[in-house]
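> Take a look at the letters that make up each chain.
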Amino acid sequence: MALPNFQVHQPKTVEEVLDLLGRHRSSVKLLCGGTDLLIKMRAGAQAPEHLVSLNRVAGLKTISYAAGDGLVIGGAARISQVGKNPDVQRLYPGLAHACSVMATVQIRNMGTVAGNLVNAAPSADTAAPLLAYGASLVAVERGGRRQIKLTDFFTGPGLTVLEPGEMVEAIRVPDPPPRTGSCYLRLSARSKVDIAAVGVAGFINLDLSGKVIRCRLALGSVAPTPVRCPEAEAMLEGQDPGPELIARAAAACVRTSRPIDDLRATASYRRAMVQELAQRVLTQSLAMARGGGS
Amino acid sequence: MAKQNIELIVNGDRYQLTVEPSRMLVDVLREDLGLTGTKIGCAQGDCGACTVLMDGVSVSSCLTLAVEAHQRDITTIEGLAASPQDLHPLQEAFVQHGAVQCGYCSPGMILSAKHLLDHNPKPSEEEIRQGLSGNLCRCTGYNKIVEAIGDAAEKMAASGKEG
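Here the protein sequences line up with chains A and B, keeping their order.
Quick note, my numbering runs 452 ahead of the 1-based positions in the first sequence.
Quick note, my numbering runs 171 ahead of the 1-based positions in the second sequence.
Heads up, some of the hints might be wrong.
As the list claims (entries may be wrong) - Here's a subset of chain B near chain A, in silico, CB distances under 8 Å, partners left out:
1) G216
2) V230
3) L234
Simulated from the structure, these hints should not be mistaken for lab results.
Every residue gets a Cβ at the ideal spot worked out from N, C-alpha and C, and that includes glycine.
Just chain B, with the same shape it has in the complex:
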């Protein structure tokens, strides 16, 4: 089938690409753009490792055709912090709370947390757990992740810092 020309806007950078229509966004991010922070887990929308934000909304990039992301605004874990030297408050909190073990789920977890806090800056513990319902972690038992997100929410609210 004919390839299609697309423009991806990833973390504010514009990329002109020519892709096969059957390619998934996660594969293009990882293989063509070298943005390997976004992970592939189950490849069927259950585990959340591939979560990215598209126009500010969390989606599974393993179930999104790259051609459907044409000219949409995509945020991956690489683009969350203000600069490559900085950590986003969520990333900082994950480090401080030991919410990372093997780390494979962390990018997806953090982007789901970002989506949650964008829509609900002061979530309850239950709301945090619901907000992570689409992200599986096989190491941490979730508690430290939930604590980290609660802590980040408080710090972000206190500093008035835009996520």
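Here chain A stands alone, though its shape is the one from the complex:
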């Protein structure tokens, strides 16, 4: 149960964080909530000699929203903070829902949304809604800053395009236009604590005539990474979807999924639930968008 020895650095600025990451490049990890990292370290799966804590870095917990610019979630913003944020609840209900039901109260108070993404579990609950909202990550390293689309971020279970020496400074989420509807639905065997067996997130924006201008659908826990569903999205764009098209688009989501059998669910159950949840997500998102949306 004891952890191996390591040194903890507690910098106060992003510049200091980046210096420490560079200096200890061979064996360093960023620490914030610790809810994934410390468990992995205890299990012996990770043994960094240096931990760089983000918990005393000024300004990194900020969540801000501005009309037109959208939402910016600081790299150290807690999951519970994001879930309770009034702008997130009003304009990004799928993300608010993910941040209110995943894990446990304590884990949500400790863990960060950025950490949930960087940990890159296929089941990461914030990933599917953030994919649906078209989010990007702002990654910084010494001497540079780049924006990474979340669709390009995950490369495999636990793997991302983030380079050693880089940190996620913020998550940027575009402002949803008028006549937008969105939501996230997840299923797990137990209603609480449990990791999701299937998660589906959707975002639909309609034009004045009720046709879909933009649709984004994303799946969690049914592929090696959280994934978008380009085939289903293309089927819906330009259409005024009714129940039949919704069912066909959901079937396209099932074709995009690549689920496995594991302790949480079988692959065939997951496929059936992608069909069902995608239909519900599309139906709810469309109703919200037709009602004027967020």
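Start from chain A and add chain B according to the hints.
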């Protein structure tokens, strides 16, 4: 690795300590400060036995490095009541409702309930159950715990007493 000097503020008392960076807050509370009310269950953030409040927010002390708690305000079960002779209304309600059986989960349950009531003084039954989602009990079946918290919330609201 070099030890680090830290200051913990636990239940209002300040402690100067020198700890290894790899030590968890729960271990320092129990072993160095003798505050054994905080329990270790799963040691991976699932069971909630180690729940404490840090700057008013419930966290798992088994997943919190002691050095990260430096100068943060920590409340453990020992510091919840106004004095060592008193019980907090939540503790009283747990006793009255028989919400304690083996007692191992109780400190964590009560601190999670405190966190809940601090943010939502009049929770519904469902909100109480959600608020306890990170605390496992293997004896009571939860019903008496949920009843106790509902009762405590009503009494605290009626008396206008600050949790």
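> State for each hint whether it applies.
Here is how each hint holds up against the structure:
no.: 1; hint: G216; result: holds, 6 Å
no.: 2; hint: V230; result: holds, 5 Å
no.: 3; hint: L234; result: holds, 5 Å
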